[in-house]
Amino acid sequence: MDIRFPHFAVIAGNDLGDEIELLYILSVFYGTKFGEYMVTFGICLPKTDLTVPTITDLIPGALLSEREKQEFFGITVTDIPDGRRLFLPDDFPQGVYPWRKDETGIKPEMVRELWAIDRPKDRPVPPVPEKKPFVEVPATEGMEKKTGGAAE
Amino acid sequence: MNGDTTKKSTPYTVPIGPVHPALKEPVMFTFQMEGEVVRSVDFAPGNTHRGIEWMGMRRNPVQIVHLTDRICGICGIVHSLSFARAVEQIAEIEVPPRADYLRTILHELERMQSHILWAGVAAHELGFDSLLFLAWRVREQSMDLIENLTGNRVNYGIIQIGGVRRDISDDQRPIIEQGLAYYRGLIDQMKTVFLDDSTIRMRCRGHGLLSNRDAQLLCAIGPTARASGVAMDVRHDYPYCAYGDLDVHPVLPPQEFGGPKGDVYDRIIVRLLEIAQSIDIIQQCLDNLPAGEILWEKKLPKLLLTLKKAQGEAIGRVEAPRGECMHYVRMDGNEAPATWKVKASSYSNLMSWIPMLKGEQLADVPIIVASIDPCMSCTDRVTIIRNGSAADLTKEELTRLSREKTRRLSQC
Chain A
9 MDIRFPHFAV IAGNDLGDEI ELLYILSVFY GTKFGEYMVT FGICLPKTDL
59 TVPTITDLIP GALLSEREKQ EFFGITVTDI PDGRRLFLPD DFPQGVYPWR
109 KDETGIKPEM VRELWAIDRP KDRPVPPVPE KKPFVEVPAT EGMEKKTGGA
159 AE
Chain B
2 MNGDTTKKST PYTVPIGPVH PALKEPVMFT FQMEGEVVRS VDFAPGNTHR
52 GIEWMGMRRN PVQIVHLTDR ICGICGIVHS LSFARAVEQI AEIEVPPRAD
102 YLRTILHELE RMQSHILWAG VAAHELGFDS LLFLAWRVRE QSMDLIENLT
152 GNRVNYGIIQ IGGVRRDISD DQRPIIEQGL AYYRGLIDQM KTVFLDDSTI
202 RMRCRGHGLL SNRDAQLLCA IGPTARASGV AMDVRHDYPY CAYGDLDVHP
252 VLPPQEFGGP KGDVYDRIIV RLLEIAQSID IIQQCLDNLP AGEILWEKKL
302 PKLLLTLKKA QGEAIGRVEA PRGECMHYVR MDGNEAPATW KVKASSYSNL
352 MSWIPMLKGE QLADVPIIVA SIDPCMSCTD RVTIIRNGSA ADLTKEELTR
402 LSREKTRRLS QC
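Chains as they are written, first to last, in this note's numbering: chain A, 9 to 160; chain B, 2 to 413.
Keep in mind that the hints were calculated from the coordinates and are not lab data. Fair warning: there could be bad hints in the mix.
[Said to hold, decoys possible] Subject to a maximum C-alpha distance of 30 angstroms in a straight line, what follows is the list of computed DSS-like cross-link-like pairs (lysine-lysine): (1) A:K115 <-> A:K129; (2) B:K359 <-> B:K192; (3) A:K109 <-> A:K55; (4) B:K303 <-> A:K109; (5) B:K309 <-> B:K299; (6) B:K192 <-> B:K262; (7) B:K310 <-> B:K300; (8) B:K262 <-> B:K359; (9) B:K359 <-> B:K300; (10) B:K406 <-> B:K262; (11) B:K310 <-> A:K55; (12) A:K41 <-> B:K262; (13) A:K55 <-> A:K140; (14) B:K262 <-> A:K109; (15) A:K109 <-> B:K310; (16) A:K115 <-> B:K310; (17) B:K192 <-> A:K41; (18) A:K115 <-> B:K309; (19) B:K310 <-> B:K299; (20) A:K55 <-> A:K41; (21) A:K55 <-> B:K309; (22) A:K129 <-> A:K140.
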C-alpha cells in the first residue's frame, strides 16, 4: 500500500503534575473511504527538563502548533525556526503559562470575573434610567387572569 | 505608494492589519515588498484570543457545549459537534440514529450558508459588489431554514451531548424540501456567474498557487487542500454521524476545468461544487431519516452524573466548511475536563498563506487571503487588546487597489 505523507493535525498537551505530556496527533491513509487512521504519539517531558526537538524539519506545518505549545506550556522546542509568541500578546507576563496547572498557571488575580464588574463609574448617566433589580413577585390568581386577558 | 511612510530602500515593509482588508476579523500581516511584488510575508494572529479553553477547563461538559457555540460566529455546529463527539466517546454514550441524521442535516445546512457567505466575500474582494449582494441574498434562505430548525440564525444551541435538542417535525419537512429546491434551481446560475465570468477568471486563475506538495507539507485541509488536489475529507475518510450511510466523496476540481491547479479559482470551484453536494446529502438524509429518540438522556442531572464519572481521552473530528475541526478532551473523573484543546480548521490552513502570497502583487492580496476562508476567532480563541500597530494601508485603500486591478484587467 502506498504510504502518503501523513496529515499532521495538532499537538495537544496535558499537565500531569510532575510532567507534561505532549500528544502529536496525526492521521494516515486519508483519501480512502473508511480508510483513515488516527495515529497519536505521546511523549512525557519531566518538569525539570522541558525541552523537545522540533518536528518542523519533517513537517513544516507543525510550526504554529509548536509555537503555541511553547507559550501555553512553557516548554522549549529546540531548533524551532521561529520561536516568537503566537496567540499571547507581547505584554502578557513572562513565566505565566495558561495551560499549566501548577504555580506557573494563570494566577487568581489575573482573572477578571465579568459577572462581578459593575457599570463603569466614569461615564455620563445613560439617557434611559437603569432597570431596577428584578424582584420576584409571588404569582397570585388575579395577576394570572390579567396577563391572560392581555394575551387575548 | 506610501513611500514616504515606509522604508525607502527595497524591500519595502508594508504592514497591513490587524484590522484587515479581506476579513472582518483581525490578523496582522507584514509584507516585504519589492515594487509591487510580495517577496516574503509574516502574519501574527492572536487578536481575538479569548481563553475559551481555559474557561472550559473550569466548567462541566454541558456548559462547555454552549461555550463551543460561541467559538465562531459562522460555524455554530462544528465546534459543538466535535466536542460532543469527543465526550460521547469518553463516556461511551451512544447517540440515537435519528439524532445522527439531524446533526448531519444541520451540519450540511451550515456548510451551505458558510460557502455562500464566502462566495459573497470573494466577490466583494474582487470589486464585484452586486454579486456580493446577490450571493448574500441567496444565503438568507439557508439562514431562514436554520432558524426554522434550531430557533437561531447563529449560535444555534442545537447540539447536546448524546444527541440534539430539537426534533424536525413533519410540518418542517416540506420547508426543508422547498429550501433545497430553491438552491437546486440556483446552483447552475451560481456556477455561471462565478465560473464563466472572464474578470473573475482573470483575477483568480493562476493566482495564490498552493502546490500539492506544499498543501501536504503545510498540513492544509478542507477546500484549500482539495483545490490543490489533496483528496481528503473527514466525512469520507473517517465518517461520523450519518456520513457512513451516505454517498459522500471529496470534491476535487473536475477535469472540465483543467483538474486541480491549486489557485484561487480552484477554491471557488470546490466550494461551489460542495454547495451542490450538501443539497444532495441533505436530501439523502431526509429520505432515510429514521424514527426514534433524539437524545441519549433527556434528564440533565443524570447526564451530568454519567459525565462526572467518565474517565479517558478522546478526539472528536468533523469536517467543518473550512476543513477538519478537531477537539481533544481528557476527563479524569472530575466535573470539568482536565484538558480541552480546540484545533479549528483555519489553524491548519494559515500556514498556506506563505507560499500563496509569495510573488503576488499587493492588489491580489485581499482575494488570496480570503481564498482560504480564514476564521480568526476560531483560530485564536483567547482575549487580548494590543497596542495599535501602525497600519499604513487602510482597508479602504487596499480594497480600492484590488478594485482598480479588476477595472484595469477588464479594460484591456
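Results of checking the hints against the structure:
no.	hint	result
1	A:K115 <-> A:K129	holds, 27 angstroms
2	B:K359 <-> B:K192	holds, 29 angstroms
3	A:K109 <-> A:K55	holds, 12 angstroms
4	B:K303 <-> A:K109	holds, 29 angstroms
5	B:K309 <-> B:K299	holds, 16 angstroms
6	B:K192 <-> B:K262	holds, 18 angstroms
7	B:K310 <-> B:K300	holds, 16 angstroms
8	B:K262 <-> B:K359	holds, 16 angstroms
9	B:K359 <-> B:K300	violated, 55 angstroms
10	B:K406 <-> B:K262	holds, 23 angstroms
11	B:K310 <-> A:K55	holds, 29 angstroms
12	A:K41 <-> B:K262	holds, 24 angstroms
13	A:K55 <-> A:K140	violated, 52 angstroms
14	B:K262 <-> A:K109	violated, 47 angstroms
15	A:K109 <-> B:K310	holds, 21 angstroms
16	A:K115 <-> B:K310	holds, 28 angstroms
17	B:K192 <-> A:K41	holds, 28 angstroms
18	A:K115 <-> B:K309	holds, 26 angstroms
19	B:K310 <-> B:K299	holds, 18 angstroms
20	A:K55 <-> A:K41	violated, 42 angstroms
21	A:K55 <-> B:K309	holds, 29 angstroms
22	A:K129 <-> A:K140	holds, 17 angstroms
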